[in-house]
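Participant: Sequence:
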Amino acid sequence: MLAAPFTGVKRRKRVQCASQHYFRRLERSKTVSTQASVPTAREVVRQVAPKLIDLSEKVLFGDVWERPGLSKRDRSLITVAALTAMYRTDQLPGHLERALTNGVTREEIGEIITHLAFYAGWPAAMTAGTIARKVFDARKP
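According to this note's numbering, the sequence shown is numbered sequentially starting from 13.
Simulated from the structure, these hints should not be mistaken for laboratory data. Errors might be hidden in some of the hints.
To be verified - With a straight-line Cα cutoff of 30 Å, these simulated DSSO-like cross-link-like pairs (lysine-lysine) come out:
no.	residue 1	residue 2
1	84	63
2	84	146
3	70	84
4	63	152
Claimed, not checked - Ranges of calculated distance between the beta carbons of each label pair, as one might list FRET restraints:
no.	residue 1	residue 2	range
5	67	109	32 to 40 Å
6	53	90	16 to 24 Å
7	141	66	32 to 40 Å
8	150	56	15 to 23 Å
9	129	66	31 to 39 Å
10	59	145	18 to 26 Å
11	66	135	30 to 38 Å
12	100	126	12 to 20 Å
All values reported here derive from a predicted model rather than from experimental measurement. Glycine is no exception: its CB is placed at the ideal position from the N, C-alpha and C atoms.
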């Protein structure tokens, strides 16, 4: 049995719905702040490169993170691994938070870091471990 030809209509509707869902979450996150006087990285970068933030919000988080091919949990695993391997210490804490929210466990994060020590280098893994500890501690009730 042959599948019906792809018209793109379902994909557009799915992306549109996912984007709307993302932007509702984004607006909610803007209203919930534990430290209102401390600007977020997004706010700081927006002052220098507003288009970068616009693209990040609409394309990366509004489309790429909403695609059906991988779960948000899987995307978080990949992103944490990539940021650890590339030694991106400024972005790692936020994505560790997102990973925990998306269902990645602390143990899995520890395994990612340990595994990457042998592929990305010991210093990158040790730094990621230190950052993860701070994120974990901040999430304690």
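Participant: Could you run down the list of hints and mark each one as holding or not?
Facilitator: Hint check results:
1. 84 / 63: 24 Å, holds
2. 84 / 146: 23 Å, holds
3. 70 / 84: Roughly 16 Å between the alpha carbons, so the hint for residue 70 and residue 84 holds.
4. 63 / 152: 35 Å, violated
5. 67 / 109: 32 to 40 Å: The hint (32 to 40 Å, Cβ to Cβ) is violated, given that residue 67 and residue 109 are roughly 21 Å apart.
6. 53 / 90: 16 to 24 Å: Check passed, 20 Å falls within 16 to 24 Å.
7. 141 / 66: 32 to 40 Å: With a Cβ separation near 34 Å, residue 141 and residue 66 satisfy 32 to 40 Å, so the hint holds.
8. 150 / 56: 15 to 23 Å: Taking Cβ atoms as reference, residue 150 and residue 56 lie about 19 Å apart, which means the hint holds.
9. 129 / 66: 31 to 39 Å: 36 Å, holds
10. 59 / 145: 18 to 26 Å: The hint (18 to 26 Å, Cβ to Cβ) is violated, given that residue 59 and residue 145 are roughly 31 Å apart.
11. 66 / 135: 30 to 38 Å: 34 Å, holds
12. 100 / 126: 12 to 20 Å: The hinted range 12 to 20 Å holds for residue 100 and residue 126, with Cβ atoms some 18 Å apart.
This entry does not satisfy hints 4, 5 and 10, going by the numbered hints stated previously.
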